[in-house]
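A.B. asks: Protein chains in written order, with the UniProt record's numbering: chain A, 1 to 283; chain B, 1 to 283; chain C, 1 to 283; chain D, 1 to 283.
A few of these clues could be false.
One copy or two, it doesn't matter: identical chains are merged, so the pair holds either way.
Said to hold, decoys possible - Pairs of lysine to any residue residues, derived as SDA-like cross-links and limited to a Cα-Cα distance of at most 25 Å, are as follows: (1) K14 x T54; (2) K202 x E40; (3) K88 x Y27; (4) K88 x N28.
It should be emphasised that the hints constitute simulated quantities derived from the structure, not laboratory data.
Number of protein chains: 4
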Amino acid sequence: MNTATLLISCPDRKGLSAAIANFLYTYNANIVHADQHQDETENLFLMRVEWDVTDFSLDMSAFAAAFQPIADRFQMTWSVALSARRPKVAIFVSKYDHCLVDLLHRHKSGELRCDIPLIISNHEDCRGLADYYGIPYHVITVTKDNKAESEQAQRALLEASQIDLIVLARYMQVLSHEFTASYPQRVINIHHSFLPAFEGAKPYHRAFARGVKLIGATSHYVTEVLDDGPIIEQDVMRISHRDDIDMLIQKGRDLERMVLSRAVRAHLENRILVYAKKTVIFS
Amino acid sequence: MNTATLLISCPDRKGLSAAIANFLYTYNANIVHADQHQDETENLFLMRVEWDVTDFSLDMSAFAAAFQPIADRFQMTWSVALSARRPKVAIFVSKYDHCLVDLLHRHKSGELRCDIPLIISNHEDCRGLADYYGIPYHVITVTKDNKAESEQAQRALLEASQIDLIVLARYMQVLSHEFTASYPQRVINIHHSFLPAFEGAKPYHRAFARGVKLIGATSHYVTEVLDDGPIIEQDVMRISHRDDIDMLIQKGRDLERMVLSRAVRAHLENRILVYAKKTVIFS
Amino acid sequence: MNTATLLISCPDRKGLSAAIANFLYTYNANIVHADQHQDETENLFLMRVEWDVTDFSLDMSAFAAAFQPIADRFQMTWSVALSARRPKVAIFVSKYDHCLVDLLHRHKSGELRCDIPLIISNHEDCRGLADYYGIPYHVITVTKDNKAESEQAQRALLEASQIDLIVLARYMQVLSHEFTASYPQRVINIHHSFLPAFEGAKPYHRAFARGVKLIGATSHYVTEVLDDGPIIEQDVMRISHRDDIDMLIQKGRDLERMVLSRAVRAHLENRILVYAKKTVIFS
Amino acid sequence: MNTATLLISCPDRKGLSAAIANFLYTYNANIVHADQHQDETENLFLMRVEWDVTDFSLDMSAFAAAFQPIADRFQMTWSVALSARRPKVAIFVSKYDHCLVDLLHRHKSGELRCDIPLIISNHEDCRGLADYYGIPYHVITVTKDNKAESEQAQRALLEASQIDLIVLARYMQVLSHEFTASYPQRVINIHHSFLPAFEGAKPYHRAFARGVKLIGATSHYVTEVLDDGPIIEQDVMRISHRDDIDMLIQKGRDLERMVLSRAVRAHLENRILVYAKKTVIFS
């Protein structure tokens, strides 16, 4: 089924639902899912509506023009996406390959509806895997001294492939503010702790030292403040006194790939709205 | 906030969302939550919409008359409930008091929006608890021979209090078909297994014998087939070889009260739609 | 079954297991559980062994004298407890009663093997509940100015009842260092976050503001640093954008009582060893 | 660290712990983990003990002869394994590759300590994956008519490689009784339901029809009764009304690979004792 998905956030007002429903009905939309939420504290209206475009009588290239008057009337922030248009995703990776393996296998099996035109790494380690899945693998070495040039090279690749989303699959370099500012809500990271606990480096070591009974992983959009962006997905796993740091790292790998893949999937399926440093994840 | 909640299921057709949204907008409804789902297999439209009735210009006593034309047009099965009208709940219990303790404490703390005019039991054991919470406690002994009379006595009490919902909080008697048929989708039971595993008697003993690694509990509407009604909520808990049957029963108590209370709450908040022997639980 | 439980921690050395097993065998112990763990990083030997004392030929009053030579040889920190001796527990509570309800019900149902000679509160709110369960309820008002006197009054009560364990069941006052130092590893608190995230006040509000996808609760021994003592048990629960702060607080109540009761139970069953600011919880 | 692991089950008797501990101490064993459990119902003693063999003064080739007198005295069923000896594992797979991908990646990353000399399949589909990981891939077609011959060919391969463990990674053929009887407690299967619910074919379809709120997966040893062998590991995942059968199958893949890999790992680390159609999994 080819569907269109409309995401809307705006000040809450009466008549919003009716205006949107009528607009879609006018063009004969066959709605397959709709979910709306009102945030009382922020007085916000948040909505996701998805419809089958088979019988939709409005050409999607004309959608923006047709919808804008309603958007203006209600001061909407909105976006629309077609399931037929597969987003272009770049994966950044360093040496740890467990998230990459997972993403590539899910992509191949059809779980992640996107194209992956390239993988960028600061190391050669994962090239074999990229080759197996037939995805171009670019090594751009990053040092203390060449950060600006390396990011320039990365951005050239991203622009050449018209990348929509960047997934940091345990990429061990911090991106510059300029970089992340160029891809707002379009860079997803996986952090190996239950944020906001253990922000920054070596979270498993610190979790071990603190003696927590559960370890966690958090996927979030990258902003200019490290490990502080809007959280998309989190999960935890029970550990015991028998688990040393190596075992925490091993168990954590399962968490990391589950949490990252769920976050990427929610993004690709246009289920995420960001507001007030938080996310709404429509189910 | 005083809200109204409309639950709708009907054959899926274009224009449904618009018709409902327009109807509500006509009377100046301030929608606070709306969620709709289309079941493709069954070609069903399923919706829950909740609005603040403060500015609603249609008197709720006139709602049915005003809405029925739309309901007829789309062949809707529908119901509307006001949060201001607290449903009347009867709890049935035998000797085990853990679910009863939990329900009464949640009720007192305001988590369960309902009135509880009576508790019915076939034993005296829980009378002290009922007294503490100030709820009339009726003992109706049930034997092999007096089932019909005891049910008659129970139903007289239920009718006298105009009971909307019956919660079987580990009530150890099987109700007759006549009884359950009189309260369709209005009797909630808790079964101490992860249904459909271990239907019937002694599920913990059978779980122990089978060597399962998780035990479960299931809350469902009671139908005339034992342990076969539409499932509302389920959950599980990990066990180990160190847990003997007594420990399974103990651990299971936590599961039972969590699962039952979530199911009762979903019912009281009008979040449940039943179709095709399944439930939709709107979140 | 009346059992004895021996908890041991000491520098790891060969022959430890044999020395302990031989000692127990000499006196005809019937071991029902034994679990030992070696912490390589700290070079520690940690053990819990539990035996049926029915046929044990050493009078338990003579145990210490008989065992001390072995303890000295291996520099053991050790303790032994008899299941027949029920620890004496004091519960501290303020206004929130959900943890208290839970502990008292578990106590009554036999899940928590202990005596509860008294409840201490800075408010009258929970007196009815204490009365229902037949437990003396002492109100000791705490103000900015009377902290020292109020603690003195509390400690007089604790000493009069020879209290072994203090459970802070959402007690909203910070105990002084003198107080907690007098009860090392004998004061258990429940904190309503997944520590070390959201230490200190109003964790649900901060969790809401940060937009986490799971809320947590942590039970720990109280030390002189707030929310920093050795963690005994933690758990989490999924939340969604539909949950406002009130709902977080409600959902959190279920977490708090589960986590606190598991921690108290582990303590009462002598399953906890503390070392290096961590706990080993023998299962 | 090179360790030896001893697994013991026998009738419970006093002196067992001392006899085993003394035996190990006699030969200067440095115990790193020990865990014992008494099953009262069956009057069984169950133990796992693991020691560093660096200083162990008994040559492991002479272990059996030295230990047998103790084993005889206590009627022990026992086995000993060296971590240095990597078990040989054969993986059987059909067309679904998600479990295979997972096992091979875990193997490569060092999580599964074993050798995988061969993969056997009734289809060509997974050959590319096997090639990528450098593991010989044998296709043995199975039809209604050639079952005996195909099993003969499979067993010839298994015997040639001296296979210790067979992992059915979504292998869609039922093995004959002769086959499974030849590998008792050495064939691990993954079933895509929470057994004993939905034994047999199409469990996701039946779970969907029944309207369960959680789906599960179960890993078990294969016996001659289908889906009835001793359960090693189980887990579940929450689903909602928004999940159609395809989504159940997708979500289930994550469960299947987690559950299967944990079971295989427990087996490889000699953590499993089977008795009374159940397993003890030492943690």
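A.B. asks: Compare the structure with each hint and give your call.
C.D. replies: Here is how each hint holds up against the structure:
no., hint, in the structure
1, K14 x T54, "between (30 Å within a copy, 12 Å between copies)"
2, K202 x E40, "between (38 Å within a copy, 20 Å between copies)"
3, K88 x Y27, "neither (29 Å within a copy, 45 Å between copies)"
4, K88 x N28, "neither (30 Å within a copy, 43 Å between copies)"
In summary, the structure is inconsistent with hints 3 and 4 from the numbered list given earlier, while agreeing with the others.
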